[in-house]
Amino acid sequence: MGRLHSKGKGISASALPYSRAPPSWSKATPAQVEENIIKLARKGATPSQIGVVLRDSHGIAQVKAVTGNKILRILKSNGLAPEIPEDLYMLIKKAVSVRKHLERNRKDKDAKFHLILIESRIHRLARYYKASILI
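So in full-length UniProt numbering, spot 125 of the sequence shown is number 125, and the numbers just go up one at a time.
Mixed in with the good hints, there may be bad ones.
[Claimed, not checked] Straight-line C-alpha distance at most 20 Å; calculated PhoX-like pairs for lysine-lysine: (1) K112 with K100; (2) K94 with K112; (3) K43 with K76; (4) K70 with K43; (5) K64 with K76; (6) K94 with K7; (7) K39 with K76; (8) K64 with K27; (9) K94 with K109; (10) K70 with K93; (11) K64 with K39; (12) K39 with K70; (13) K109 with K7; (14) K70 with K27; (15) K7 with K112; (16) K130 with K76.
Worth flagging that the hints you see were computed from the coordinates, not collected in a lab.
With the sequences and hints as input, model every part of the structure.
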């Protein structure tokens, strides 16, 4: 079975570690991690960007293992969560850039086709979020 909106057919995915405890070598305390998350969110980073920075710069593989809460939940409790979900926001941003491209290149049929796929994904996600009362 292939993917819905792309050419891929693979089933590969990263696997979460079996152990849910924070690594023994990690010196980060939950308070420090939450402080870092709040600081990065105030700078305007998205939840996934915050996770990448914590993983690459601070050696925190999984925030939930250290703090007990996911990044978005920590942001919500501090009133810093984004207004629209990040995945929907990124799809809208991509659709806007493709539309801008199509204004300059009217004959680009491939971009026109992929814009339809992107917008289908946006509508499907919006329908899900409306049903679960997140937007």
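Results for each hint:
| no. | hint | result |
| --- | --- | --- |
| 1 | K112 with K100 | 11 Å, holds |
| 2 | K94 with K112 | 13 Å, holds |
| 3 | K43 with K76 | 16 Å, holds |
| 4 | K70 with K43 | 19 Å, holds |
| 5 | K64 with K76 | 15 Å, holds |
| 6 | K94 with K7 | 18 Å, holds |
| 7 | K39 with K76 | 14 Å, holds |
| 8 | K64 with K27 | 15 Å, holds |
| 9 | K94 with K109 | 17 Å, holds |
| 10 | K70 with K93 | 24 Å, violated |
| 11 | K64 with K39 | 18 Å, holds |
| 12 | K39 with K70 | 16 Å, holds |
| 13 | K109 with K7 | 17 Å, holds |
| 14 | K70 with K27 | 19 Å, holds |
| 15 | K7 with K112 | 17 Å, holds |
| 16 | K130 with K76 | 18 Å, holds |
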